[in-house]
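Trainee: Heads up: the sequence lines are chains D and B, in that order. Quick note: the first sequence uses the working numbering, first residue 1, plus one each step. Quick note: the second sequence uses the working numbering, first residue 469, plus one each step.
The hints are simulated quantities; they were obtained by calculation from the structure and are not laboratory data. Any given hint might turn out to be false.
[Stated by the list, open to error] DEER-style ranges, computed between Cβ atoms:
hint : chain 1 : residue 1 : chain 2 : residue 2 : range
1    : D       : T416      : B       : E539      : 26 to 34 Å
2    : B       : P557      : D       : R345      : 35 to 43 Å
3    : D       : S400      : B       : P557      : 39 to 47 Å
4    : D       : Y385      : B       : G603      : 39 to 47 Å
Just so it is clear, CB atoms sit at the ideal spot from N, CA and C, and this is done for glycine as well.
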Amino acid sequence: MRPLSRKATCNSHGQDSSYFLGWQEYEKRPYDAVRNPTGIIQMGLAENQLSFDLLESWLAANPDAASFKGNGESIFRELALFQDYHGLPAFKKALTEFMSEIRRNKVNFDPTNLVLTAGATSANETLIFCLAEEGEAFLLPTPYYPGFDRDLKWRTGAEIVPIECHSSNGFKITQAALDDAYEAAQKRNLRVKGVLITNPSNPLGTTLTREELNLLLNFVNAKDIHLISDEIYSGTVFNSPGFISVMEVVRDLKLENTDVWNQVHIVYSLSKDLGLPGFRVGAIYSNNDAVVSAATKMSSFGLISSQTQYLLSALLSDKNFTKNYIKENQRRLRRRQEMLVNGLRNVGIECLQSNAGLFCWVDMRHLMSSNTFEGEMELWKKILYDVRLNISAGGSCHCSEPGWFRVCFSNMTEDTLNLSMQRLKNFVNSMNSSSSQSHHQRMKNSRRRSLTKWVLRLSFSDREPEER
Amino acid sequence: MANLSKLATNDGHGENSPYFDGWKAYDENPYHPINNPNGVIQMGLAENQLSFDLIQEWIQKNPKASICTKEGIFSFKDIAIFQDYHGLPEFRHAMVKFMGQVRGDRVTFDPNRIVMGGGATGASEILMFCLADPGDAFLVPSPSYPAFDRDLRWRTRLQLIPVPCSSANDFQLEREALEEAYKKAQQANIRVKGLILANPSNPLGTLMSKDALTTLVSFINEKNIHLVCDEIYSATIFHQPEFVSISEVIQDPNVVCNKDLIHIIYSLSKDMGLPGFRVGIVYSYNDAVVACARKMSSFGLVSSQTQHLLALMLSDKEFVARYLEENAKRLAKRHMLFTKGLEEVGISCLRSNAGLFVWMDLRRLLSEPTLEGEMKLWRIIINDVKLNVSPGSSFHCCEPGWFRVCFANMDDHTMEVALQRIQSFVDQKNESLVKSEVLVIKDNKRRQKSLCLNFTASRLDESVNMSTRVMSPHSPLASLANGSNQDLNRTHQGLK
Chain D
1 MRPLSRKATC NSHGQDSSYF LGWQEYEKRP YDAVRNPTGI IQMGLAENQL SFDLLESWLA
61 ANPDAASFKG NGESIFRELA LFQDYHGLPA FKKALTEFMS EIRRNKVNFD PTNLVLTAGA
121 TSANETLIFC LAEEGEAFLL PTPYYPGFDR DLKWRTGAEI VPIECHSSNG FKITQAALDD
181 AYEAAQKRNL RVKGVLITNP SNPLGTTLTR EELNLLLNFV NAKDIHLISD EIYSGTVFNS
241 PGFISVMEVV RDLKLENTDV WNQVHIVYSL SKDLGLPGFR VGAIYSNNDA VVSAATKMSS
301 FGLISSQTQY LLSALLSDKN FTKNYIKENQ RRLRRRQEML VNGLRNVGIE CLQSNAGLFC
361 WVDMRHLMSS NTFEGEMELW KKILYDVRLN ISAGGSCHCS EPGWFRVCFS NMTEDTLNLS
421 MQRLKNFVNS MNSSSSQSHH QRMKNSRRRS LTKWVLRLSF SDREPEER
Chain B
469 MANLSKLATN DGHGENSPYF DGWKAYDENP YHPINNPNGV IQMGLAENQL SFDLIQEWIQ
529 KNPKASICTK EGIFSFKDIA IFQDYHGLPE FRHAMVKFMG QVRGDRVTFD PNRIVMGGGA
589 TGASEILMFC LADPGDAFLV PSPSYPAFDR DLRWRTRLQL IPVPCSSAND FQLEREALEE
649 AYKKAQQANI RVKGLILANP SNPLGTLMSK DALTTLVSFI NEKNIHLVCD EIYSATIFHQ
709 PEFVSISEVI QDPNVVCNKD LIHIIYSLSK DMGLPGFRVG IVYSYNDAVV ACARKMSSFG
769 LVSSQTQHLL ALMLSDKEFV ARYLEENAKR LAKRHMLFTK GLEEVGISCL RSNAGLFVWM
829 DLRRLLSEPT LEGEMKLWRI IINDVKLNVS PGSSFHCCEP GWFRVCFANM DDHTMEVALQ
889 RIQSFVDQKN ESLVKSEVLV IKDNKRRQKS LCLNFTASRL DESVNMSTRV MSPHSPLASL
949 ANGSNQDLNR THQGLK
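Assemble the whole structure, with the sequences as input and the hints as a guide.
Mentor: This is the structure we're talking about:
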């Protein structure tokens, strides 16, 4: 008899992909300015480390939130006992208001429709458990966050069918791509239960356009399926066009009294916008009472620590703080993104134009030795082992075209970012000179051949072009 | 309209059971010494509220343990970013120190085998996902924790097979019962993957002896099935005999055991009274299970803020020693007060030396020794006596008339009020029992028939075959939270 479960012995956890392998290599030789200056620079981790000082100064000014005190009295006991899966009401209120603020108050959220979970990881899995049977499928636009393979499929038994997006139109979602994906699922005998989008997109760093959102809403309406919108990067939009939440479009299209109202669900988290992944704060928002009810019960398997709920409810209830934080954080992200984009441009590398996220979607197709995923892996390994940068290969994000890479910019200091650009510059220059060498060599060979052809005709020989 | 999954719409969450009436009654009319002295007293929630002052004192003396105080804020950034599913090394080390200390340092645990889960709830589910496939079964000695039905079966799609224990031998687990349950499963073509039990027991409050554990180990080894020991009450022992952990048994050279089959669930919700912090632990002796469970822990990691706090607290050996001793004393006192008070009115409890509750024997108060009789008595206790206690059938107990009553989730005064109510109720019942017995005797003398109890096997079967209708132990009703939330809400208005 098999000793462990199938889930324990298969690799649906997805951790054999290069996304995680790069991480592991980084762990072995991590860069440190002082202790390991030639170590690997981590550019594969989408963390927001730019605005901790703002959080720390708020904490310094609000000691009560820190020390289990409210109104000067200890509330330790109440917090220690609080395990109600409905969540701390003050926290849910503050969180929904924060979500509204990020959406420029174009959407109002009702705290009773919010379900708290241990991170977006848990939120996404819980939603799939609520919406799909084992073997049913969700359609996801590619490229997508590698962790979805684990979060959406592993324990739920659900399937993912890609909605292929291409660089030819900036990786936007098209009607044709949606239809193709649906058809592909049918061919595999998979019943489609919904579409899951990430908006702003990971790994693209772009916000979905209104047209794309309209397209998606029409599609899920026509197919009578669900739409999950993972909006965990919504607070990282630093440039126009601004962020449009799917919920905003639902209201704009006046779909409140239609079935679609009950079929659109949002996932949120504080891991990216506030840079607090350690605190495990995730949430599901839905107008569908049955979903809220089922998800709430399931959240028992991953509730948020009460002391964390309490701290964050105090933080997010401070509207002066949140207003300033959102604005300043976005300003810093924009600056960083510009640094990376310009740094790459200086070595002839372009990025997909982006206005959000903690990373850029970088076009390195011209640096591959062959336009294949093997070529991409070869390049990725060179960048990991020789250039000593851990970036994420597009293949691990299920991109249909090789040569694209996700490079993070907000999880390091400015100096480290500059160093990474320097290393890349050296690498690209050396590639250029060796490729011009090999180009030169090819030219030499072909000249030799023509020389041989001509020597019979001419009485003098050509001089070799000078080496560059 | 697009529908939801079966999981989302079935009863697997266990909350549609009739036992919810107890929660509802409390919720609608919660006892408060000043504002609502005639309200329902909550005795269905196994919480340890006796030793908060000790923890609070420690926190006040150790501001560095919080990442938000001026003493601790230098750690804020590193902790806030830390989402590694291995967990903070200092947290894992503190955890094994604590678990070792609870077991009198008779065992040393390996910090690399510590895996986090979202409370014991999340930890148990993770283990099931690792050990069994949909349709597989786990044996569960009964009476057992009601929420096992949800935690172990709902999303994992496993089956649970009860192994009934009876009062005839103080509900001890018998090898014959195990063999019987295993055989029946085989005959029904159900694949048994393991056995799970809580030791100390919930709801019994009793411990398994070393011999009993050794027998258990021999059983699972022979059948080559897993053994999951839920030891979340390990630090609630308040009298002899001492707790013997499965970890001690398997390190005994005389005990033959494939260690790959042994797994422990732990939590701080009962021993430390910190259910709100969601600290669940999977500890497995099986490397593949540790690796798999660790990946799955992504779905329920412990907040790094909490890991950090506990890393410091639990590695303070002196504090832990004081806490364990004082906590045990307070539990002992409470237990004694309560059981003595019950004895005064002729109510006995299963002899126990651990846990946050007693297993109360109300069989003689049943109008009939059946499930219906138990339910009837239970409704009277909720609605008339105004105590929310938990009926034995919610724990899959096969004998009607037993009730789990919690004693550590209230202050001394409330405990006294609860005892008084029980005492007056029993006194009244005694009177009416005597009256009805007198009538019956008179009647019998006339008819010359003998008294007999309608205690048939078929009625026992009814309760055993009861479906999975159990009560959620998590007080899920929103208004329950409102009591404490009002205080918490007020404090936020006071902050900037």
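Trainee: Does each hint hold? Answer for all of them.
Mentor: Taking the hints in turn, this is what the structure says about them:
no. : hint                        : result
1   : D:T416 - B:E539: 26 to 34 Å : holds, 29 Å
2   : B:P557 - D:R345: 35 to 43 Å : holds, 41 Å
3   : D:S400 - B:P557: 39 to 47 Å : holds, 40 Å
4   : D:Y385 - B:G603: 39 to 47 Å : holds, 46 Å
Checked against the numbered hints given earlier, the structure satisfies every one of them.
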